[in-house]
Amino acid sequence: MQDDKELVSRCCKGERAAQKELYERFAARMLAVCMRYTKTQADAEDILQEAFIKVFNHMDKFRHESSLGFWIKRIVINTALNYHRKQVYLYPHVDVDERHDLGNEDVAIENYHFKDLLNLLQGLPKGCQVVFNLYAIEGYKHKEIAKMLDISEGTSKSQYARAKLLLKDMISELGEVKHG
Amino acid sequence: MAKSSKQSYETQWQKAFEDAEMQPSAQLWKNIESDLNATENAKFKRGLLFYRTLAAAAVACLVILGIYTWSDEFTQWMGSEQEMAVSEQQNATSNNNTSEVETEELPENTNDPESIDSSSKSIDTTAPLAENAEKSTANTSESAPIADNELHSPTEENTAASKGTAEGDRIPKQEAFTGSVAEKETISVKSTLKANESAAQRANGTFDEKELDEPERQSLIAAIPAQGIDHRGMADRNLNEPVDEIYPIPIMPKDKKNAFQPVFFAGLNLSTDYFNPNYDAQSGMAVAPNSLLVDDLRNAGNYVSYNKAPESVTDDINTGSLGEENTAQLSFSYGVNFGMALSEHWIIESGLTYSKYNTSTQTSATFQGIAADEAYPVSLANNNVESIQQFSSVRYEQTQLTNTFDFVAVPMKIGYNLSFDRISVVFSTGVAANFLLQNNISDDAGRLNEITIRPDESSPFRKVYYSGILSGGVHYHLMKRYSFSITPSYNFPLSSLTKSESNFMSLPYLFGIDFGIRYQF
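Chains as they are written, first to last, in the working numbering: chain A, 1 to 180; chain B, 1 to 521.
Extracted from the complex, chain A is given alone in its bound form:
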């Protein structure tokens, strides 16, 4: 924590070495986050670049109320969402009542490496991909996701349900490939 404070302080002064140190400490972890919201590494790096510039330009606003990693991750996610907004204004709307019946059986993913799962996520439609990330991995509620993405709460739920269904099929296929 003390190291973080010193590093932040040096970054606020514009010390390039400190900025590079902070980048090297968090870049790899944040790139993995960006990858979950994009289809390609090039897009993910674009988001990461924009996010780190925001981090450095607004470093003086970090008040150490949360961890430095959490603060940076929030900026990365916001940047990723903004990136999506620029590209897609409207997610395909699927009414809650029309969603597929998923049943209660979820597929276990414990044995899969994150890169396999990442490939699956990147195979989802954009809307599903973002909602699934926000709900399942980041832990936001549908109401919050609805506000963040400018969609209705029902749309968020249906997108998530659709994502789960698609992932279930993908994981089944992946399992078949892996096991035989």
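No wet-lab data here; the hints were simulated from the structure. Fair warning: there could be bad hints in the mix.
[What the hints assert, rightly or not] List of simulated lysine-lysine pairs, PhoX-like, C-alpha gap at most 20 Å:
no., chain 1, residue 1, chain 2, residue 2
1, A, K13, A, K54
2, B, K43, A, K13
3, A, K13, B, K45
[Stated by the list, open to error] One-sided and incomplete, this derived list gives chain A residues near chain B with beta-carbon spacing under 10 Å:
no., residue
4, G14
5, L48
6, N78
Where is the CB? At the ideal position from N, CA and C, for every residue including glycine.
Since chain A is already given, all that's left is putting chain B on it; use the hints.
Just chain B, lined up with the frame of chain A:
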């Protein structure tokens, strides 16, 4: 069961990505570094431009003051230099033409008692420098052949004159003359001779004043009143002592020039101000959709996702529907001022003033971010602020705001001064270059995040706007060099604070009362 299964499913995903890391390409840091360098360069250039402008203004003021001061000193110096040159030239001429002076000039004058008076009159009071005095004395010494042969002491001269002897018609020696009249003043031999020569030419009707250069003309002017005057009659009638020596002291042009000396002053000032940015929507801006938007927000009663970028939101809201109307609040300015009195009545003045103007305003809408603490007020001025670019959720919410503007101003004023004993009244007018440092918008309740808008490329504000100044103040002279002043002033816009492409216009005006203390050099 279903719930725990679902939680388990999401936890699995969270765990799967908990420590996920992927190495970015090496080029990525270079790109970031390049962007940061560009941003810093832009900031540096903005800062440099600001300081350059300040420096230019300061230099311009110094140059104006310097030129005025230097021109005065230069005139005096030129006068001294010319006198020296003439004196040296005359010295050389005297050495070469001693016989000519003896034969052509002096014989005519030696018979004329008035020529002595003219000679006496030609005291050189225009040689204020000791160096010149020494040179003049030295020149006189070098021209000793003339002095020894043709000049003698005023004591001798006047004694002789009073006796009516021929010796009394001679021109007085410099050393004795200087000693008896004014020790600090010297006699220019050239001037003395010229005066005699002029007297002779006048007598012959061949005198041409146009041929004289300035120092000669001054000497001549000094000589004229002495001609034909009965010196004894000029003596103070109350004197009981018999008058032996009378030396008329000329009034030189320099004395006229000294009637007014430029006066420099510098001071500190504190102002209480009421500043209003006077926002107004640009003509042609759509009003109907804005009202609809605000109405929608009001009816929703909570957050409404607005599927547009923030700049579009503020583009759509007019001043009235947003409820953003600034009211001037008590503000303060601090600064230094300096200037000079050009004449008895006219003064010029400049300075440097830092101002923090507070205004009160309100807004009907709030940008809301993902987290609860990421909320910003919607304002006409903040549509391009980077920190709120990522928000598109807006809600209707009446919020009282404080809108603060930080300026550094460089005024340039000319004033007319009327003095009445210890009090003087000054009416001034001028222009001021007002450099915007930043604009802060904050929620009075402290619930919303503060927005800082700097005059960069994305800002709706210009870096500098110009205003006209009208002021009238009273100065009370407490001591010889100190004075206190109270000066009400009104600043009106000469240019807009906002850029032409902005979605609103700001034509600020300002009322202020300035309290100052001033030192007169």
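Status of each hint after checking the structure:
no., hint, result
1, A:K13 - A:K54, "holds (15 Å)"
2, B:K43 - A:K13, "holds (14 Å)"
3, A:K13 - B:K45, "holds (18 Å)"
4, G14, "holds (7 Å)"
5, L48, "holds (6 Å)"
6, N78, "holds (5 Å)"
In summary, the structure agrees with every hint in the numbered list given earlier.
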